[in-house]
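Undergrad: Below, each chain spelled out in residue letters.
Number of protein chains: 2
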Amino acid sequence: MNHDARAWAEGHRSYFEDQLRSLVELPTISMDPTRGPETEACAEAALALIRHFGGTATLLRVGGKPYVHGRFGDPGRPSVLVYNHLDVQPADEPEWKGEPFRMRIDGERYLGRGTTDDKGPALTCLLTIAHAVRRGSPLGFQLLWEFEEEVGSPHFSELMREHRAALGNVRAVLVSDTLWVSAEQPSMDVGLRGFQGLLLKLRTAEVDAHSGVVGGGGPNPLAGLVRVLAACFDASAGRILVPGVLDDAAPVSEAEMDLYVRSGFDVERFRSTYGFRRLLASNPRELLRRLWTEPTFEIHGISGGYQGPGIKSIVPAWAEAKVSLRLVPGQSPAKVVESIRRFVAELDPLVEVLPLGSAPAFVTSVDAPECKAMDRAAERVLGKGLALTRGGGSIPAVAIMAEVLRAPVLLMGLSLPEHGYHAPNEFFDWTQARRGVELYASWFEELERLSVRG
Amino acid sequence: MNHDARAWAEGHRSYFEDQLRSLVELPTISMDPTRGPETEACAEAALALIRHFGGTATLLRVGGKPYVHGRFGDPGRPSVLVYNHLDVQPADEPEWKGEPFRMRIDGERYLGRGTTDDKGPALTCLLTIAHAVRRGSPLGFQLLWEFEEEVGSPHFSELMREHRAALGNVRAVLVSDTLWVSAEQPSMDVGLRGFQGLLLKLRTAEVDAHSGVVGGGGPNPLAGLVRVLAACFDASAGRILVPGVLDDAAPVSEAEMDLYVRSGFDVERFRSTYGFRRLLASNPRELLRRLWTEPTFEIHGISGGYQGPGIKSIVPAWAEAKVSLRLVPGQSPAKVVESIRRFVAELDPLVEVLPLGSAPAFVTSVDAPECKAMDRAAERVLGKGLALTRGGGSIPAVAIMAEVLRAPVLLMGLSLPEHGYHAPNEFFDWTQARRGVELYASWFEELERLSVRG
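First to last, the protein sequences are chains A and B. Mapping to the working numbering: the first sequence position 259 is 259, numbers consecutive. Mapping to the working numbering: the second sequence position 263 is 263, numbers consecutive.
No wet-lab data here; the hints were simulated from the structure. Take the hints with a grain of salt, since some may be wrong.
[What the hints assert, rightly or not] In silico DSS-like cross-links for lysine-lysine, where the CA-CA straight-line distance does not exceed 25 angstroms: (1) B:Lys97 to A:Lys201; (2) B:Lys201 to B:Lys335; (3) B:Lys201 to A:Lys97; (4) A:Lys372 to A:Lys201; (5) A:Lys201 to B:Lys201; (6) A:Lys384 to A:Lys372; (7) B:Lys384 to B:Lys372.
[Claimed, not checked] From the derived model, a few chain A residues whose C-beta atoms are all more than 10 angstroms from chain B: (8) Asp4; (9) Glu10; (10) Val170; (11) Glu206; (12) Gly275; (13) Leu279; (14) Arg290; (15) Glu294; (16) Lys312; (17) Ser332; (18) Asp348.
[What the hints assert, rightly or not] Label pairs and their in silico Cβ distance ranges: (19) A:Asp266 to B:Ser282: 38 to 44 angstroms; (20) B:Asp367 to A:Arg278: 21 to 27 angstroms; (21) A:Pro37 to B:Ala45: 43 to 49 angstroms; (22) A:Glu95 to B:Pro33: 20 to 26 angstroms; (23) A:Arg342 to B:Glu346: 30 to 36 angstroms; (24) B:Gly63 to A:Arg342: 52 to 58 angstroms; (25) B:Ala45 to A:Arg277: 45 to 51 angstroms; (26) B:Leu347 to A:Gly11: 36 to 42 angstroms; (27) B:Gly63 to A:Arg277: 33 to 39 angstroms; (28) B:Glu44 to A:Arg278: 50 to 56 angstroms; (29) A:Lys97 to B:Gly63: 43 to 49 angstroms; (30) B:Arg277 to A:Glu95: 37 to 43 angstroms.
Glycine included, C-beta positions come from ideal geometry on N, C-alpha and C.
Whole structure, please, built from the sequences with the hints as guidance.
TA: See below:
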């Protein structure tokens with residue numbers, strides 16, 4: 001326990017709840033082109049939050065959505081850069097029990113889109129920085145809040161190129177957008193999968209037509225896409241079939257898998273969290289290998305034709321499939337796109353393959369003193385050291401920051417599997433927020449000691 | 001030309017247009033459960049139309065939507081029963097250039113959902129009957145207008161059972177819900193394909209989940225359905241792969257195919273009507289075989305997951321596919337469902353297969369004197385005899401009427417391929433309406449002569 005940080009957190013609980021509500025109630029859905037005004041309003045609110053605690057705050061713009069940049073302390077000082085994102089996924093699922101963009105408090109749970117991914121953790125980081133500043137930490141602190149994480153951070157490289165100098169001397173980067181293996185077992189990701197989004201489009205006619213009149217003679221584009229997708233991916237085995245895609249995927253050693261299996265990941269808890277009727281592997285080692293270290297191929301949605309009540313017996317004129325792959329170290333997003341393009345073109349030259357956002361995979365070293373410091377902080381505050389895990393998701397900014405800032409990047413988030421990243425009825429909870437303040441505060445103290453020693 | 005009938009038609013053109021507008025502007029979408037009030041209003045409007053010309057008109061109800069029944073002349077007389085339907089397909093296609101349920105007149109074209117399928121032809125039949133009555137035809141006439149044709153006529157059998165007696169002595173049935181092979185070549189269908197609608201459902205989880213967190217471990221139901229659908233149907237060859245489905249499909253003789261090829265069907269006109277980028281056969285004989293005499297498997301829409309802007313990187317919890325098959329003589333809808341159920345259950349026991357409406361295929365004999373009479377009428381009025389064709393679509397009422405009424409059923413519609421059955425920007429045109437009045441009027445006269453001779 002970190003008594004001082006805990007008291008600070010508890011003293012700011014109602015402030016945290018009020019501010020989280022304000023952020024959640026701005027639907028900053030980055031993939032919805034109509035949400036510009038809400039994004040700008042959220043960016044302004046974020047500036048005000050930082051200034052409330054005495055930081056300087058500015059909007060950085062490089063095209064696309066703004067970035068919120070906050071700074072505490074003398075810019076000349078080595079600083080800890082904390083990255084979060086304030087954009088969110090859409091919330092169109094029918095399973096939402098309340099308005100997704102009205103925050104609801106249920107006991108210590110905060111329900112609403114963006115509460116855990118990633119507005120709650122962002123606010124937790126800000127609270128911790130404010131605490132460190134108040135007690136006179138010799139470290140500098142910077143906040144970088146993005147509004148395009150959920151669409152693959154298309155402008156992040158440009159941001160780093162244009163504003164590298166302004167970021168100055170960065171001692172370490174904290175990314176608080178990852179998940180613990182469970183509420184009982186804090187964990188730190190040592191890697192993330194990459195991402196490649198794709199849109200597959202097939203137009204076979206000018207207009208939808210009566211399937212009694214043209215059926216059997218005119219091609220069905222939904223059936224055409226189905227054929228192509230089934231050739232790309234074997235859903236039964238969960239295996240990618242496109243030649244070349246898996247060629248460069250780096251295998252993971254059994255020793256590393258041992259580490260992951262020891263993390264405390266529980267197959268039944270994983271199954272029941274999402275209510276899966278079946279899994280692609282039931283052995284924990286195999287399941288973790290698939291979730292953390294292997295590429296995926298997912299179909300997110302198929303458009304075209306008719307989806308209303310009953311059957312509208314048409315042969316549609318067009319169909320589209322939204323697809324993405326998670327990538328692992330070794331795989332190049334560009335090469336993956338090229339392999340799929342070539343394969344699909346051979347199957348059906350009418351199918352267009354359009355890339356939609358990408359990020360390479362990322363792995364870090366856990367031997368860095370900053371990582372060991374986080375482990376010590378966890379031991380002290382949470383009563384147990386960090387399990388080491390990989391994140392199956394993707395944060396495009398991570399690889400870019402690691403390369404440009406040449407500082408260790410720690411993937412140390414606060415979310416729990418049951419919080420429902422990208423899912424209906426997403427929530428965050430006060431215990432995780434309070435633990436976050438304690439954990440990060442202790443890590444800052446560890447870093448100060450490292451700096452003194454170093 | 002039938003001078004008297006033509007003058008009658010021309011004299012009623014503005015009446016026809018006004019009444020067609022009234023019918024079209026009631027969106028009688030039978031597969032939309034919220035359209036009950038519009039359907040009842042349309043049924044009332046239909047009663048008024050029949051009474052306007054001195055017929056008696058009642059609503060027959062057997063559960064489901066009402067049927068409009070009209071009668072002209074002494075119920076004891078042998079009558080011609082004319083079948084049409086007043087329900088329509090949805091009109092949700094983005095390609096509509098105007099409001100689908102506001103009729104727009106463009107030259108002699110009447111644009112709007114239902115104009116050609118089947119409100120325009122229904123009104124044409126009514127006009128012709130009124131003409132025959134006015135000139136003192138010795139025949140009786142009955143009209144039967146349905147509101148559930150587009151959802152597979154689920155109550156038609158029951159209607160026939162309960163109201164057979166009221167229909168009395170039926171001399172012949174005219175179904176004016178079919179298409180000419182082209183504007184230059186009137187044609188009569190000697191058969192129709194049957195229909196079997198299916199909904200395939202796959203739920204693999206309780207909630208949509210982040211594909212970075214569960215991807216690779218949790219199954220993707222869209223990919224699962226894609227696998228099953230691809231195993232059922234080879235979109236490249238346009239071939240059904242489900243064992244048993246094709247077993248009882250009656251082959252068509254080359255002599256019969258010769259007849260169809262001579263109908264004047266034109267491959268390039270077919271292609272350009274719908275703007276197909278490719279066809280499943282380019283040889284006219286092969287294309288006609290596929291369109292008129294072979295079963296189909298069409299995917300009409302696939303739901304589940306995310307279809308909005310951008311990519312929402314989730315593993316969906318469920319997916320559904322709307323599918324239908326057109327059936328040919330010999331195939332039993334129930335046996336087809338059973339074959340698909342068995343096949344799909346082997347592939348993936350979690351996939352549910354739910355039947356959604358069905359109709360057997362239908363073939364008639366062209367040697368019936370009533371058919372020969374229609375051919376003579378066409379020769380006289382349109383200057384050329386009827387090409388014989390098959391209809392690739394399905395009209396469930398047809399097989400039921402043929403069986404229950406034991407009268408020849410003539411599939412002699414007025415629509416043209418370019419009118420856009422089930423398609424956006426559907427239209428009907430005055431020339432076809434006027435030709436219809438002339439053709440049907442002459443057929444009635446032929447029937448009177450047959451009756452005298454017979």
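Undergrad: For each hint given before, does the structure comply? Return the numbers of the non-compliant ones in rising order.
TA: 4, 11, 12, 13, 14, 15, 16, 18, 19, 20, 26, 29
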